[in-house]
Amino acid sequence: MSNDAATAIPAVDGPQGPQQELPTHGLGASLPPADARAKTEGTFPYAADLWAEGLLWAAVLRSPHAHARVLSIDTSAAAGMPGVRLVVTHADVPGEATYGRTVADRPVFASDLVRHHGEAIAAVAADHPDTARLAAAAIAVEYEVLEPVTDPEKAFAAPPLHPDGNLIRHIPLRYGDPDATGEVVVEGLYRIGRQDPAPIGAEAGLAVPRPDGGVDIYTASTDPHTDRDLAAACFGLGPDQVKVVVTGVPGATGDREDPGFQIPLGLLALRTGCPVKLAATREESFLGHAHRHPTLLRYRHHADAEGRLVKVEAQILLDAGAYAEASSESLAAAVAFACGPYVVPHAFVEGWAVRTNNPPSGHVRGEGAMQVCAAYEAQMDKLAARLGLDPAELRLRNALATGDILPTGQTVTCPAPVAELLQAVRDFPLPALPMDSPEDGWLLPGGPEGAGEPGAVRRGVGYALGMVHMLGAEGTDEVSTATVKVHDGMATVICAAVETGQGFSTLARQIVQDTLGIDEVHVASVDTDQPPAGPATHGRHTWVSGGAVERAAKMVRTQLLQPLAHKFGMSTELLQITDGKITSYDGVLSTTVTEALEGKELWATAQCRPHPTEPLDGAGQGDAFVGLAFCAIRAVVDVDIELGSIRVVEMAVAQDVGRVLNPAQLATRIEAGVTQGVGAALTENLRTARGLVRHPDLTGYALPTALDAPDIRIVKLVEERDVVAPFGAKAASAVPVVTSPAAVAGAVRSATGRPVNRLPIRPQAAVAAS
Amino acid sequence: MTLPATLGEAVAALSAMPAAVPVAGGTDLMAAVNKGQLRPAGLVGLGRVNEIRGWQYQDGHALLGAGLTHARMGRPDFAALIPALAAAARAAGPPQIRNAGTLGGNIVTAAPTGDALPVLAALEADLLVAGPGGMREVPVTHLLAGRELLGPAELIGHVRVPLLHAPQVFLKATGRTGPGRATASVAVVLDPARRGVRCAVGAIAPMPLRPLEAERWIASLIDWDADRGLAPEALTAFGEYVAAACIPDPPGEEPLPPAVLHLRRTVAALARRALGRALS
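If you're matching them up, the sequences are chains A and B in order.
Per the working numbering, residue 1 is the first one in the first sequence, and the count goes up by one each step.
Per the working numbering, residue 771 is the first one in the second sequence, and the count goes up by one each step.
Heads up, a few of these hints could be off.
Far from chain B by the CB rule (all over 12 Å, computed), these chain A residues [said to hold, decoys possible]:
(1) Cys-274
(2) Arg-282
(3) Gly-447
(4) Val-479
(5) Phe-568
(6) Thr-605
(7) Asp-638
(8) Ser-645
(9) Arg-690
(10) Thr-705
With a straight-line cut-off of 25 Å between C-alpha atoms, the simulated DMTMM-like cross-links for lysine to aspartate or glutamate are [claimed, not checked]:
(11) B:Lys-805 x A:Asp-527
(12) B:Lys-805 x A:Asp-519
(13) A:Lys-39 x A:Glu-573
Selected chain B positions facing chain A (Cβ under 7 Å, derived; list incomplete) [what the hints assert, rightly or not]:
(14) Pro-810
(15) Ile-867
(16) Ala-870
(17) Gly-916
(18) Arg-917
(19) Ala-943
(20) Thr-947
(21) Gly-950
(22) His-1032
(23) Ala-1039
(24) Arg-1043
Simulated from the structure, these hints should not be mistaken for lab results.
By construction, the Cβ of each residue, glycine as well, lies at the ideal position given by its N, Cα and C atoms.
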């Protein structure tokens, strides 16, 4: 009963089989991260720990209004304060006044208009952080407060909040026959709240001016090259004059350190000629970075009498906040996966992403896919109830498989073991009821010594199937470059893929160990002098950067073995390297890597570029995705039906992973994803009132604690290799986030008999209907 | 920052520097300082004032030092004395907060969600306030309601709580299973000597609310000389009585908004459960 997920992994039939001893290095081994010890002991340096001689501290003045005209900015009082070195506003931005990852629509500093609570207006550099904050507060800004547009449904008709208009993107997906109807029709309206990525370390950075007039920015960027390009454009400098050096990343489930923090920092360093440090407060972090899109969804599912889906009609409205950010891509995912991993002959989905004066929305893992998953799975539960079918059985009847066609017209060519995943979680034994195992102690909803009363607790079980795409979609040029160096029996990997906790640097070591037989592998730190590897999102680095590392390692291997192979008159394929020793297939040759190197250094650089995709067309059709990953989760919850308090007892997860590259790391990624999903289902919602963020702190924004995290049982990892992916592996982090909230909602639905059409689930929605 | 060793020294230090702020656990004060909301000109640390870190007995009452931490109050020996206060202290947050946060700090912060406050209100606790003019007594409810305020250089030294030798229950509803702020909390204490039930509801108003009529009504139903049991219907009625007293129907036809209605149901369930546990 008490075995945890990590120990549950070896029970899964892996390539080694259950009997064999587990490998300690190379692919398939549970190699621990190289920095695990330093991070556990608290000695690992993050950006907030950086220091430079003579540094100044930055503070940013942020808008207290969600929507206001800026009439005047008077910085004289602030600039005159003792200890203040410089105050900058929009007038001091030498290059582009606006930036953006997709559309350059976001001002570095608001000039005439603020469009969301917390928008940057000015920045101060001073010799003490308190001085900087006080000076920022002393900047006199005269506002004319405007009516904020906070209801995305009203954004269509509202006066434009931005010169680009309020509609960021509209996708009208049309697939099949619009007149098709089913014998059974269910409808629903669903609302998904605003989840914050809430990284454990808030944004921080250090900018150091260079003698050549450029600037180096040390920060925990997850997309350093894009950040560099955006910052350089705003500074009016060439990309070669700005360098982003990536420091340790203290948690990243979305884009980190967005340029809104880096650009004021670099600007202050350039203008003062001094190093400048910025460490955001938790409040600034909540106000400044991008959140998950709050979403409004309307659904109508048609099915035949046997429960086979006939048609899905949906309207999906994403609240993008004031700026475009990643909303276009989020919308594409939401529309494309609006029906879920089910076979749907006819689909009509309208998706919109609109501007409002709410906090900015952007990339948070599983974006788009998570919101629709909660809605289509609620619809599947409704359909099952209407037809009197078991919810798992209804899902099995509609499960997607390889060769089926998505509503975007794209054929699913990768493994899609959806039915197998669902069967695995359905057949896994349910957790014991407290009355059957009283010795375990029952943690009631409400916590230990809480108000929970066993007589008021009902248990519920819910199922959900989720899917995500991997890598950038819709024609994004995906490419990563990696270099592998071997010298003196030790290998080094140089790749600009940022280790965000997803495990890339551990994977890179495993790949080199596997290919070159060298155990000691060092992964270099990342800066923008290296060739780009793309943002650390959508499982990109496991696939693209991992692929690049493998190719480079293979090239080094060939360079190493070629002379030997030539000398012995055999091909390099007949030689193998293990534990630093080179042996031939017949045992004639036996030498060490160090000897074969003869003191030389071997270098190789390679690129990986997956097959191209295409944008969704005017009818939402196109081969937009490189690969897909699937997950099935069965949630078991206890609900106190009088108080509406909910505790997730267990999450049974079966996931389509392609190939297990590092079992321990994979388990932690799935556990982290499920826990983030449980947060989105129950507590995580950054609340606003008229566009103003309420309680931007970790007391008001309740993350799951250890007591809220359920038992996570990884019951099956389906290892059906994806032939187009390097190693056949699929990204594992995002799809549990997508699937968990829907599973929890389903379980609460079954425990309470209430519809549960809003996430996070409010207590009043989980009180039994009386 | 000064670190007095006695309450008298602390009062003297505050008198000498009126702009200084006393600090004990600092779980509220330092968070406000870190946020930049508060910039005290000086601090008077109470961590070395040993006389307020424990408790003593005084004619049927306990004199609790204002410097008692939540962690200390949560321990079994304290729970045997004042069970509801111990339960509130254990529920008051994660271990780091409970190790630092103090009883006196909980009172002077007077946050609506302060977990000790409904318990102190139900116990009708009195505060012993030390100041330049000597010691004075203030009922805790007077301070929380703003009827009496702490004067310059005044400090809460002790909290006088009756020892009732009877069951007491504190229950709180929160948004998550782990530690969290109360959305509503209820303290129920039995006073067999005076044949009374006292109840206070926390977190739903700026200060704890006492449903006095509901207390008197339910006390009159209890057979104090026998097993003190009540029928489930009476418990339910008590819960609804308490909830309706604390969250009354608005005048006119307008019904309560759903969120408030849920809060009222939560209070009713908590009060019913708390009394049920106290009488079982």
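Quiz item: Hey, does the Ala-943 (chain B) contact hint survive, CB to chain A under 7 Å?
Solution: holds (5 Å)
### Query
Holds or violated: is there a CB of chain A closer than 7 Å to the CB of Gly-916 (chain B)?
violated (24 Å)
Taking 7 Å as the limit, does the beta-carbon of Pro-810 (chain B) come near enough to a beta-carbon in chain A?
With Cβ-Cβ at 13 Å, over 7 Å, it is violated.
*Given Ile-867 (chain B) as an interface hint, is the shortest Cβ-Cβ distance to chain A below 7 Å?*
Nearest chain A Cβ about 10 Å off; hint violated.
- Are all C-beta atoms of chain B more than 12 Å from that of Val-479 (chain A)? Non-interface label on Val-479 (chain A) holds, nearest chain B Cβ at 43 Å vs cutoff 12 Å.
### Assertion that Asp-638 (chain A) lies outside the chain B interface [Cβ separation over 12 Å]
Given a closest Cβ separation of 10 Å, the condition is violated.
_Would the non-interface assignment of Arg-690 (chain A) survive a Cβ cutoff of 12 Å against chain B?_
holds (17 Å)
Separation of Gly-447 (chain A) from chain B, once the least beta-carbon distance is taken, above 12 Å: Given that some Cβ of chain B is not farther than 12 Å from that of Gly-447 (chain A), nearest at about 5 Å, it is violated.
Hey, Lys-805 (chain B) versus Asp-527 (chain A), does the alpha-carbon distance stay inside 25 Å? violated (33 Å)
Problem - Ala-870 (chain B) as chain A interface residue, shortest Cβ-Cβ below 7 Å - result: violated (15 Å)
| said: For a C-alpha distance cap of 25 Å, please report whether Lys-805 (chain B) and Asp-519 (chain A) respect it. | reply: Status violated; Cα separation ~47 Å.
For this session: Would you mind confirming whether the straight-line C-alpha gap from Lys-39 (chain A) to Glu-573 (chain A) stays at or under 25 Å?
Result: Given pair Lys-39 (chain A), Glu-573 (chain A) is violated - Cα atoms ~40 Å apart, limit 25 Å.
Consistency with the previously given hints fails for numbers 2, 3, 7, 8, 10, 11, 12, 13, 14, 15, 16, 17, 18, ordered from lowest to highest.
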